[in-house]
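In case you want the letters, here they are:
There are 4 protein chains.
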Amino acid sequence: MISDKLTGQNTKHFFRRPFDRFLVIAGPCTVDSKDQLEETAAKLSQIGVSHLRAGAFKMRTSPDSYQGLGEEGLQYLQDAGSRYNLETVSEIISVADIDLMCQYVDILLVGTRNMQNYPLLKALGMINKPVILKRGMANSIREWIQASEYIKKGGNDNIIMCERGIRTFEDYTRNSLDLSAVPIVKSLTPYPVIVDPSHATGRAELVKPMTWAAAAAGADGVMIECDADPLNMKCDSKQTITIEELQSILEKLPSITNIWR
Amino acid sequence: MISDKLTGQNTKHFFRRPFDRFLVIAGPCTVDSKDQLEETAAKLSQIGVSHLRAGAFKMRTSPDSYQGLGEEGLQYLQDAGSRYNLETVSEIISVADIDLMCQYVDILLVGTRNMQNYPLLKALGMINKPVILKRGMANSIREWIQASEYIKKGGNDNIIMCERGIRTFEDYTRNSLDLSAVPIVKSLTPYPVIVDPSHATGRAELVKPMTWAAAAAGADGVMIECDADPLNMKCDSKQTITIEELQSILEKLPSITNIWR
Amino acid sequence: MISDKLTGQNTKHFFRRPFDRFLVIAGPCTVDSKDQLEETAAKLSQIGVSHLRAGAFKMRTSPDSYQGLGEEGLQYLQDAGSRYNLETVSEIISVADIDLMCQYVDILLVGTRNMQNYPLLKALGMINKPVILKRGMANSIREWIQASEYIKKGGNDNIIMCERGIRTFEDYTRNSLDLSAVPIVKSLTPYPVIVDPSHATGRAELVKPMTWAAAAAGADGVMIECDADPLNMKCDSKQTITIEELQSILEKLPSITNIWR
Amino acid sequence: MISDKLTGQNTKHFFRRPFDRFLVIAGPCTVDSKDQLEETAAKLSQIGVSHLRAGAFKMRTSPDSYQGLGEEGLQYLQDAGSRYNLETVSEIISVADIDLMCQYVDILLVGTRNMQNYPLLKALGMINKPVILKRGMANSIREWIQASEYIKKGGNDNIIMCERGIRTFEDYTRNSLDLSAVPIVKSLTPYPVIVDPSHATGRAELVKPMTWAAAAAGADGVMIECDADPLNMKCDSKQTITIEELQSILEKLPSITNIWR
Numbered sequence: 001m002i003s004d005k006l007t008g009q010n011t012k013h014f015f016r017r018p019f020d021r022f023l024v025i026a027g028p029c030t031v032d033s034k035d036q037l038e039e040t041a042a043k044l045s046q047i048g049v050s051h052l053r054a055g056a057f058k059m060r061t062s063p064d065s066y067q068g069l070g071e072e073g074l075q076y077l078q079d080a081g082s083r084y085n086l087e088t089v090s091e092i093i094s095v096a097d098i099d100l101m102c103q104y105v106d107i108l109l110v111g112t113r114n115m116q117n118y119p120l121l122k123a124l125g126m127i128n129k130p131v132i133l134k135r136g137m138a139n140s141i142r143e144w145i146q147a148s149e150y151i152k153k154g155g156n157d158n159i160i161m162c163e164r165g166i167r168t169f170e171d172y173t174r175n176s177l178d179l180s181a182v183p184i185v186k187s188l189t190p191y192p193v194i195v196d197p198s199h200a201t202g203r204a205e206l207v208k209p210m211t212w213a214a215a216a217a218g219a220d221g222v223m224i225e226c227d228a229d230p231l232n233m234k235c236d237s238k239q240t241i242t243i244e245e246l247q248s249i250l251e252k253l254p255s256i257t258n259i260w261r
Numbered sequence: 001m002i003s004d005k006l007t008g009q010n011t012k013h014f015f016r017r018p019f020d021r022f023l024v025i026a027g028p029c030t031v032d033s034k035d036q037l038e039e040t041a042a043k044l045s046q047i048g049v050s051h052l053r054a055g056a057f058k059m060r061t062s063p064d065s066y067q068g069l070g071e072e073g074l075q076y077l078q079d080a081g082s083r084y085n086l087e088t089v090s091e092i093i094s095v096a097d098i099d100l101m102c103q104y105v106d107i108l109l110v111g112t113r114n115m116q117n118y119p120l121l122k123a124l125g126m127i128n129k130p131v132i133l134k135r136g137m138a139n140s141i142r143e144w145i146q147a148s149e150y151i152k153k154g155g156n157d158n159i160i161m162c163e164r165g166i167r168t169f170e171d172y173t174r175n176s177l178d179l180s181a182v183p184i185v186k187s188l189t190p191y192p193v194i195v196d197p198s199h200a201t202g203r204a205e206l207v208k209p210m211t212w213a214a215a216a217a218g219a220d221g222v223m224i225e226c227d228a229d230p231l232n233m234k235c236d237s238k239q240t241i242t243i244e245e246l247q248s249i250l251e252k253l254p255s256i257t258n259i260w261r
Numbered sequence: 001m002i003s004d005k006l007t008g009q010n011t012k013h014f015f016r017r018p019f020d021r022f023l024v025i026a027g028p029c030t031v032d033s034k035d036q037l038e039e040t041a042a043k044l045s046q047i048g049v050s051h052l053r054a055g056a057f058k059m060r061t062s063p064d065s066y067q068g069l070g071e072e073g074l075q076y077l078q079d080a081g082s083r084y085n086l087e088t089v090s091e092i093i094s095v096a097d098i099d100l101m102c103q104y105v106d107i108l109l110v111g112t113r114n115m116q117n118y119p120l121l122k123a124l125g126m127i128n129k130p131v132i133l134k135r136g137m138a139n140s141i142r143e144w145i146q147a148s149e150y151i152k153k154g155g156n157d158n159i160i161m162c163e164r165g166i167r168t169f170e171d172y173t174r175n176s177l178d179l180s181a182v183p184i185v186k187s188l189t190p191y192p193v194i195v196d197p198s199h200a201t202g203r204a205e206l207v208k209p210m211t212w213a214a215a216a217a218g219a220d221g222v223m224i225e226c227d228a229d230p231l232n233m234k235c236d237s238k239q240t241i242t243i244e245e246l247q248s249i250l251e252k253l254p255s256i257t258n259i260w261r
Numbered sequence: 001m002i003s004d005k006l007t008g009q010n011t012k013h014f015f016r017r018p019f020d021r022f023l024v025i026a027g028p029c030t031v032d033s034k035d036q037l038e039e040t041a042a043k044l045s046q047i048g049v050s051h052l053r054a055g056a057f058k059m060r061t062s063p064d065s066y067q068g069l070g071e072e073g074l075q076y077l078q079d080a081g082s083r084y085n086l087e088t089v090s091e092i093i094s095v096a097d098i099d100l101m102c103q104y105v106d107i108l109l110v111g112t113r114n115m116q117n118y119p120l121l122k123a124l125g126m127i128n129k130p131v132i133l134k135r136g137m138a139n140s141i142r143e144w145i146q147a148s149e150y151i152k153k154g155g156n157d158n159i160i161m162c163e164r165g166i167r168t169f170e171d172y173t174r175n176s177l178d179l180s181a182v183p184i185v186k187s188l189t190p191y192p193v194i195v196d197p198s199h200a201t202g203r204a205e206l207v208k209p210m211t212w213a214a215a216a217a218g219a220d221g222v223m224i225e226c227d228a229d230p231l232n233m234k235c236d237s238k239q240t241i242t243i244e245e246l247q248s249i250l251e252k253l254p255s256i257t258n259i260w261r
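Order-wise, the sequence lines are chains S, X, B and D.
Everything in the first sequence is counted per the numbering used here, starting at 1 for the first residue and increasing by one.
Everything in the second sequence is counted per the numbering used here, starting at 1 for the first residue and increasing by one.
Everything in the third sequence is counted per the numbering used here, starting at 1 for the first residue and increasing by one.
Everything in the fourth sequence is counted per the numbering used here, starting at 1 for the first residue and increasing by one.
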């Protein structure tokens, strides 16, 4: 797969601005079980979400935390995406997993801790899949754009930039969402910019105002942690919203995104 | 003035949520001259702005920078506000200036460097004027709210909280605008929360997206550096927008603020 | 007192590098009582400390925290200094207190929250006493030096710069002590630079290694929170060391400071 | 090599506190050429340095920066180490390079951008070589220690922790050296803690005071960028000191390290 001829611009998954619709990627932090994912996918599909996210390989700060289901989780993700007509998104954490990941998921996600994992970025430059590049939690906008150049240099410019909060002294939120990055990165690159309010704030009650703020700042989409049953998740339970909450957020989005048209 | 009986809740200037309209405070960083301020005030009034801001006493990082016109500047501000029916806002930097300031301006502004100037906050707790309390550029939300308690403890709870960006490692913008603070402070205090996108970003081109984002995050208003002639200002020229730019920002605001009603 | 002719360079208290000895300022955060301060002063004097610090006017983040004894505390400080032949240091928090402070203490201390209180700095530029200028916890070295210029501009260049930690994402310590600031400020100004390891770290067990590190970095002195009975203090108990601990720190200092001679 | 039985505690390279001597690792940022490295190694050996560092695989923020000589560079490093009886240290940036690196170098270095590259850390847990784990430039002490647990969990507890500065708002230095981390990590782990003043400050003139400060804070060693000809290096020229400067630093070290015995 790595050596495939790059033909991204002809695929249905190619991302380039302007988007014709605001991208909404939603789903649980991790694939916990087949049933959980199927139920969540079914409901997301009903409220008009187009992209399902869930992690199978996790980057956990402690080696004793849950590390993910691996290939089994990828299979569940692919099945759920296929059954409910959702594109799938999952995190890639190692060069060794790229071929496997490419067999199962539509869009590969580079997490915040890997934004400067240059060997990984170089390898992702040689695949024919869109890559979501999350901003490193302590990286400047300049470094983030330079990281995207590692991917592009290999030939893959099917890149989506994702602002997910930066590390500051403020500890009420997990990180500080830097929405200024949205218009800045859009002015400096041709790539779409999406926002992850869930990881940025770490608090479910802030997802709604920060999603709306992201849209008003000109973001091209959002990635939101959402689950049919947030209280029974293996990670990130505190920042995950319900399907109903997501629905109420999405209802008001068109009024905001229209101001940019 | 300091010893006046506090009757804030009966005055026309009392601020408490919910606002019936989104508060727009605009004007130059400093009063540079009578003519400049009059021209700007006239134009702001025409586009529907209700509050005029301009500094007469400045907190400049270097002692060699322009320090403001002092009382002469306050007089120009009062004249311009009176002529064009604009409420006036100006920064208070010293306990010694409180009586003077209260004679000339409608709302006193505590700048970011004075958020923890407790003797000043205590003195402002004893006046009968609204106080805008800007967040210290390196202060947590908790400390900011505690600072408001110094004012309230004196009897004055006519307080407006103003998020204006925090200091982080990111240097593309002057500071990092922390819009998460808006819903957080609104959930923890009864005070309105406004946002200053001009000082937060330090870049005129970011004022529009960040004003819209602030409104979408639920802010009750904004304070924007705006001048009839930004290129000829004595300070903050780079972050000041024109009257026309402000007008184009304000036109789209109702679509956003309506989502919160 | 403010209008006194400035003759700092002729007074016994004038500070200019190089120092003939490493300056050790020690004492409790606040004057809690006459007895507490006398006991501490007596013991500090016995182990060779030359300067006694204690606060009478406090800058507390919450208005409900202990605010200090005021003039009564200054009197106790002066008495203890006089009885045990210790120079005295105390924090100035308001222009209105300058005359009073100058009657009681030898060296005025500007705390971290007032580093950019320019009206206060201007007023301190007109007195004939040494001023210790603490670095703002979120201020750059450049801003700190610019703040010193506000004092110097008034005619008082009897200034001691004090590094006391900066605000970062690290939360194991209260702040992050930036010892690089010591050689930098010494290269850019003529002023002595001292270090406050107590407020920087917020942890008594780190005072020893950080004091030694400060000396090795070329600091001209330290200011340390130390009390005869740390467990019964009204504030900062957790970061205050005992007289015995201070003695063990001081014993090893000459080996370090000698490397710079 | 990865599957070797772990017998670290019997090898001559096993690191555990207390050290009998202060560890000095020195050398250029990268292997630029065979001649450069040989000359530097010869001189370092003469002044008593025991460990030679130089990079062959680089993590550069921009894909257009010099990326290192690869295996050729490792060969030069091994040759120089062997000829001048210096242990060798070089950075590992990818799981795919581990076997190769283990053939050439004595100690593997995990750089700041890989501190949370957990697949890499897990793989390093299965080798029989010491690993230097640099602190992530935006990682808390807690996260840094948790990262070390990924290595230890695999069976390799031959770990050296290296403080190298954290990212803050201060921009006079490249990063802010957090020397408080030295006593903290020594109290929380059994591992030696060394300090890299070169990358932390980014300024050659600060290497001396910060090396001395590190030793006074109780560090077990330092890693310093040093070259026979700093002006003609391909990277980090500005922060690299000369052999003569290093010698003058080392001469004074025993006076400092003795205070801890």
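Hints are computed from structural coordinates only; laboratory data are not their basis.
Note that this is a predicted model, so its numbers are computed, not measured.
Every residue gets a Cβ at the ideal spot worked out from N, C-alpha and C, and that includes glycine.
Check each hint, because a few of them may be wrong.
Ranges between beta-carbon positions, derived for each pair [what the hints assert, rightly or not]:
hint: 1; chain 1: B; residue 1: LYS34; chain 2: X; residue 2: GLU143; range: 46 to 54 Å
hint: 2; chain 1: S; residue 1: LEU231; chain 2: D; residue 2: GLU205; range: 55 to 63 Å
hint: 3; chain 1: S; residue 1: GLU38; chain 2: D; residue 2: ASP79; range: 31 to 39 Å
hint: 4; chain 1: S; residue 1: ALA42; chain 2: D; residue 2: GLN103; range: 51 to 59 Å
hint: 5; chain 1: S; residue 1: GLU71; chain 2: D; residue 2: ALA96; range: 16 to 24 Å
Violations among the numbered hints | 1, 3
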